[in-house]
Each structure stands twice: as C-alpha cells, then as structure tokens.
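Undergrad: Assemble the whole structure, with the sequences as input and the hints as a guide.
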Amino acid sequence: MAQDSYLNAGRRAVIEEMTRDESIWALGEDLGRGGVFGQYKGLQEIFGAARICDTPISEACIMGAAVGAAMTGTRPIVEMRFSDFALCAVDELVNQAAKARYMFGGQMRVPMVVREPIGIWRSSAAQHSQSLESWYTHIPGLVVVAPATPADNLGLLKSAIRCDDPVVYMEHKNLWALEGEVPEGEHLVDLGRADIARAGDAVTIVTWSAMRHACLRAAETLATQGIEVEVIDLRTLWPWDRDAVLASVRRTGRLLVVHEAVAVSGFGAEIAASVAEALHHDLKAPVRRLGAPRIPIAYAPPLEDRARVSDGAIIDAVQGLVAPRTAA
Amino acid sequence: MTQTKNIDRARFLALLRLMHRIRAFEEAAIGAQQAGLVLGAIHPSIGQEAVAAGVCTNLERADLLLSTHRGHGHTLAKGADPLAMMRELFGRAGGTCGGKGGSMHIADFGVGMLGANGVVGANIPIATGAAHGLKLQGSRQIVACIFGDGAINRGPFLEGLNWARAFDLPVLFVCEDNGFSATTRTATMTGGAGAGARAESIGIPALEVDGNDLPELDAAARGAIAEIRAGKGPVLLHAKTYRITGHTAVDPATYRPAEEVAAQRAKCPIARMEALLALAGVEAETLAQLASEAAEEMTAIAAKAEATGWPDAARAFADVQDIGDPRERAF
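Just so you know, the protein sequences line up as chains X and C, in that order. Every number in the numbering used here is 2 more than the matching position in the first sequence, counting from 1. Every number in the numbering used here is 16 more than the matching position in the second sequence, counting from 1.
Careful, some of the hints might be misleading.
[As the list claims (entries may be wrong)] Label pairs and their in silico Cβ distance ranges:
(1) X/Gly40 / C/Thr200: 45 to 51 Å
(2) C/Phe333 / X/Ile297: 37 to 43 Å
(3) C/Pro221 / X/Pro142: 40 to 46 Å
[Said to hold, decoys possible] Chain C side only, calculated, beta carbon under 7 Å to chain X, not exhaustive:
(4) Gly114
(5) Gly145
(6) Thr202
By construction, these hints were calculated from the structure, which means they are not laboratory data. Built from N, CA and C at the ideal position, the CB exists for glycine as well.
TA: Here it is, written out as structure tokens:
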C-alpha cells in the first residue's frame, strides 16, 4: 500500500490500462495540457497526441464520435470536464451509446467510459456543481459508477475501462486532492459490488461518492453516543449491490440513504422503495432519505451551503431513526 | 444533365436494377403497412434511389456506411439481405436486428452498415468517430455518412464536419437533399446557401450534383471516394433530389401541389436512367423486365416475411448490457 490522491489514482488507472491495451484512447478538451483538473497530466507525453486526443469544445461530437469509434474496434475514454456539460451530449449518450447494442439486435457493443466529474465544489454555482447520477441509472444499457476513495478510483476506473458496456463514470470534484491507501500492484474493483465502509448494527446508511466521507464522520460522532451505524458505499449505482443493502438492513432494521443530489427523484428513492418492498416486516422504523433540497446550487457560500447535506443532518436523521417511537 | 449514348451500359443497367429493387422493396413495405403487417412508421425514399445507388456501390464492402430514418435504399445498396430487412420491418424473427429496431434502426454490421438512425443528424458524429477509429488503427477503409437536408440545421452537423476537418478523417458526407424537413420545406427554414456553403466555410470541399442524374452522381461519388481514400480528408457531396412520397408512408403530403409532385415523378432517377439507357440502345423490353423482376422479388420477400414467426419474447431482455444484465435482475 502507498498513499496516493484520488486524482492520481484515476490517472494511474488510465496509464495502466492504456499500457495494457493499445485500442484504448482518451478524447476531450485540453487533455494535452492535463485536462481541466490535471487528471491527464503528462499522459500525452507517454501515449502521444493520437491516443490522448485534444478535441474541439464539441460535447455532442466528443460523445458521438466515441460511439462510432467504439463501433470500429477502439475503446474510447470520453472526458466531459463537468457532468453538467455532458448534458450537451445527452442524445449521443442516451439515444445512441446506450441503445445501439440493443436496437441493432446485439450485433456489436459500445465499450466506452464517460468521465463526468460531479458535485459541489466551492462557489461553482448552478452549471458546474450538479450530481445527476440518478438520470443515468434510469437508462437501460448504461452502467453508472461513483467512486469515493483513491483505491476505488483506481480499481473501478480500470474495471470500467475493461467493461464492454458504456459506463458513466462520475468522479467527485471535491475529492481530487483526497489522499488514501492505494494498492501498489494490479488492483481491480468489481463493478456492482458495494463496500462496507464501516460495520454497525443500529442503522444502515447507504451512500456513495463524497457523502461516504460525511457519513463516516457522522458515524464517528454517533459512536460516541453509543450508536453504531453501518455505512455502505454503493460505489456502483447501476447495477447497485442490492444483496449487500438488504442483508445489512435485515440486521439493523433501519435505513437511511444519503446523497448529495437533489432528494426528489434521486437514486435514494429507488433504494428506499426497494428496501420497503423487500423488507417491510424487518423494518423497525420508516426508511429515511437525505439529499439536497430541490434548488439550483448557488454561488455565495451561505446560499450554496443550503444545498449541502451537512454532517449534522445525518446525525439528526440517525438519532431520529433509533429514537423510541411515540404514538401519533 | 447527362445526355449521351456513351455510358457504361453494363454498370448502369446494374444500377438501374438496384434502383428498381429499392423502389420495389419500399412499395412492398408500403403495401404491407396498409395490410397491417408493418406496424411502425416507414419513411420511403421513392424518387431518391439514385443517391443510394451512386454512393453505396462506389464503396468497398469493408467501407462503412451510416444512414438515416429514410435508409432502406442505402442499406440495400450496401449489400444487406432484403429478406432480413423486410423481416425487420415486419418485426419478425430473423430480421437484421432481430426485430428490435424496425425500419428506423436497420443495421447490418456484416456489410459495414452501421445503422440507420431515428434522430436527425445523430449519425454525423458517429460516422465521424467511426472514421476517427479507422484512422487510429491505420485502416484504408472509409466511412460514408448520408443525411437529409433537415440535418444541416442541427448542431451535430457543424460539430461533426468541423471535427472531420480538424482531424482530416476519411469520411464522405452526403447531403441527400429531398427538399423537405419532415413536412416543412427546408428552404424556408435555412439561412445562407445550404449544405455545400456550410461545408466550404469550414474547409471541406463540397460538390453539388443533380441527385436524380445517376451518371453525374456516380462519377462525383467515385471521385470523392478516391480522394478520401488517398488521405485528403473529408468531402461533402450535396445531391439534390425530391421526395415523391410524404414524410412517412401515411403522410398524404397535402402541403405541396399535386402538379409539383407529378412533374417530379416524371424526372425521377429511374425514369431518367431508363431514358438514358434507351438512348444508348437498350431495348424497352429489357428495361421493363428489370422493373417486373424487382417487383416479383420483393413481393415474394414480403410473403416470406409474413410467413416468419415473431421473435422469442424472452429476447426483450437480451443484449441490454453485460454488467447489470436485466436477465439477472430487471429492477
């Protein structure tokens, strides 16, 4: 194990996979200068301008070109800069990449990874801060991944690049500098498998991406109050690790889902509904969800903070779940 | 307008036969739709067959093609099996896409046909990327991308053409200009001088041809494809034609005068090719036989398609994705 950053773990994943397989290439704006956050720093020097490909600011064509390039035997890594910008390429991702294999009767696959950095990043306002992962979980054909740690960013990105399905890969912008233990040898993390980030028996918290860390902080505080929560980081949202979640809630009898995205129609709704359907008789309290209010993300810090799920809100929600129920 | 006796009779007889087969395929499909056998929308290319014949027969088998919702002719001309295509339109087993796509999503990767597309202009970035992929792999294959005049008002047209020029990609863009964007005359909705001028403004050479004049179109396509294969980058071919049917087979197209359509029908590429071959000494009987043979072939194909069963309903869950396969857990 060695310490590495979330950003550099992703960079390492690309280097390792591009070294292993010459059909892999990356395309997006400014990649030759390292990309907007430095995730591709130095890669053009290693792999050349053809495989670390600078493109025009043409999101629709970046995504559409990747679909065509994937159909002709290459494995493109698409860089969208911000998930917000990928909305310029929704037809290419949703109607083309996600549908081609099915619509054409399984004649081919579309192996591509779409990196779409998500999340609130101080004072970036409404068009550079969104977490839209739930949109993509709704689309048959897509795999949706949201890593939270440096080790997972290495292992999941490598698995995403090896996957033959189109993968929407959502790194969180606020995690780029996060340091953590990263295995030094070959490290792959299976898509669709959750990580039990902390074991506990009082409440199950299901979360992903940056909120994993908020939930773990809240869990530390709650532990001092004698409340041991289990924190499950889903890591992959489609397919999500239903077995891990159901097994945990079956034990704890209580579920809280925490995500940074707007709560309304967030992916937490899917998890809450699934648990309610499957474990109605095991639940000791109603399922709870925490997400952002349904407001655009603002620029000024006091306004922006209103869109954040705070550690305090998580603690309050858990305390509410374990409190003895009073008659209505 | 081509008016000469000195044409390659063998080649143009073969292309006339192909155009008849395209028309007969679509007429059979329209008949089947009226009989309730083709359930979804079909967008006929009747009157536009020369574009398919002139462009696709100049491609090599390994070259790639992307088409539109009005793509039966292109697909047939690239070498797809008309029975598999007709089964696809009928939604039956053995269709080109196993009955999952229908008319608007016919693809046959075995002959380099990478798909019709239900979204106008969406094939342009995909074709550009296919050409990019080929170039990365050092291939000598090229890509042809056929789209309608309506597509030039969509952003992906600009993005794709700019990209193809920026990376000098081997792609032939073909604007099959039938004059209509669905049910609206494209000219009333389009600024500037059209597809060719837009291509030239971003450094892509453009050729404008009479899209109903097969010898002219054939020569232009052959020349452009040779240049592209020689590594000179993209070319845009603007073929002006006319859509004799409505937008779909059930659109009566009352937004244009009947006289206009009648005049265009007389100038359709099949009529013009027949006149030219007659001038070159081909007997009327031979010409008539090509038409009747094509009609017979496609009538028989429609009957075979009708006699084919539905796809296994369990196939609804196949070929969605490997990771998160709905056959393991649909939700």
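Undergrad: For each hint, tell me whether it holds in the structure or not.
TA: Checked hints:
no., hint, in the structure
1, X/Gly40 / C/Thr200: 45 to 51 Å, "48 Å, holds"
2, C/Phe333 / X/Ile297: 37 to 43 Å, "39 Å, holds"
3, C/Pro221 / X/Pro142: 40 to 46 Å, "41 Å, holds"
4, Gly114, "4 Å, holds"
5, Gly145, "3 Å, holds"
6, Thr202, "21 Å, violated"
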